[in-house]
Amino acid sequence: MRLAFYQPDIPQNVGAAIRIAACFGAALDIIEPCGFPLDAREIRRVAMDYGDLAVPCAHASWEAFDESRKPARLVLMTTKADETIWDFAFQPDDILLMGRESAGAPEAVHEAADARISIPLAASARSLNVAVAAAVALAEARRQVGWGD
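Going letter by letter, the sequence shown gives residues 123 to 271 in the working numbering.
One thing to keep in mind: the hints can contain errors.
As the list claims (entries may be wrong) - For lysine to aspartate or glutamate, the following EDC-like pairs were computed, each having C-alpha atoms within a straight-line distance of at most 16 Å: (1) Lys192 <-> Asp215; (2) Lys202 <-> Glu229; (3) Lys192 <-> Asp236; (4) Lys202 <-> Asp236; (5) Lys202 <-> Glu223.
Said to hold, decoys possible - Label pairs and their computed distance ranges (CB to CB): (6) Asp209 <-> Ala244: 17 to 27 Å; (7) Thr201 <-> Ala261: 13 to 23 Å; (8) Glu229 <-> Arg163: 32 to 42 Å; (9) Ala244 <-> Glu189: 37 to 47 Å; (10) Asp171 <-> His232: 17 to 27 Å; (11) Pro228 <-> Glu205: 12 to 22 Å.
Derived by calculation from the structure, the hints in this document are not laboratory data.
Where a beta carbon is used, it is the ideal one built from N, C-alpha and C, also for glycine.
With the sequences and hints as input, model every part of the structure.
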């Protein structure tokens with residue numbers, strides 16, 4: 123199972139994603155360009171000593187990532203989905219793709235996704251932080267496929 127971040131804007135979220143991937147035994151992909159250098163101090167500060175356990179694989183572009191990920195199923199986490207993580211059947215080799223903090227994922231990414239799913243929220247809530255959403259989704263995916271048993 124893999125976790126992927128599409129053109130992240132906030133280095134601290136990538137640091138948190140490193141810890142999340144390490145703790146759930148997932149690989150991590152970063153799709154560039156990012157809003158910061160991938161060696162930013164803020165990433166290391168949040169990732170702490172987990173950096174060696176989940177070294178991100180950087181992809182120069184969406185096209186480079188999309189070509190490298192096949193044949194794995196791409197599962198886009200989006201507020202624009204009709205299906206929730208509770209109703210979706212995850213598979214062990216899924217890639218959970220998180221959109222950009224400031225803009226989500228563009229239409230081309232939506233079209234390339236094999237599935238689009240969301241995390242149900244309270245009616246008064248707009249969205250979760252992208253790293254928090256990644257952790258919730260990855261935990262549910264791992265629970266479904268029986269990881270950690």
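Outcome for the supplied range 17 to 27 Å, where the beta carbon pair is aspartate 209 and alanine 244: Holds, since aspartate 209 and alanine 244 (Cβ atoms, about 18 Å apart) stay within the stated range.
Against the 16 Å threshold, does the CA-CA distance of lysine 202 and aspartate 236 hold or violate the hint? holds, 14 Å
Status of the given 13 to 23 Å range, CB of alanine 261 versus CB of threonine 201: holds, 19 Å
Do the beta carbons of glutamate 229 and arginine 163 sit within 32 to 42 Å of each other? holds, 34 Å
With the threshold set at 16 Å, check whether the alpha-carbon distance from lysine 202 to glutamate 223 stays at or below it. The hint holds at about 14 Å.
Verify the proposed pairing of lysine 202 with glutamate 229, using a straight-line Cα cut of 16 Å. holds, 11 Å
Take the C-beta atom of alanine 244 and the C-beta atom of glutamate 189, compute their distance, and say whether it sits inside 37 to 47 Å. holds, 39 Å
Are lysine 192 and aspartate 236 close enough, with their CA atoms no more than 16 Å apart? holds, 11 Å
Is the Cα-Cα distance between lysine 192 and aspartate 215 16 Å or less? holds, 11 Å
The hint says 17 to 27 Å between aspartate 171 and histidine 232; measuring C-beta to C-beta, is that right? With a Cβ separation near 36 Å, aspartate 171 and histidine 232 fall outside 17 to 27 Å, so the hint is violated.
Regarding proline 228 and glutamate 205, is the given constraint of 12 to 22 Å on their beta-carbon distance met? Given a distance of about 20 Å, which is inside 12 to 22 Å, the answer is holds.
Violated hints amount to a single one, hint 10; each of the other numbered hints is respected by the structure.
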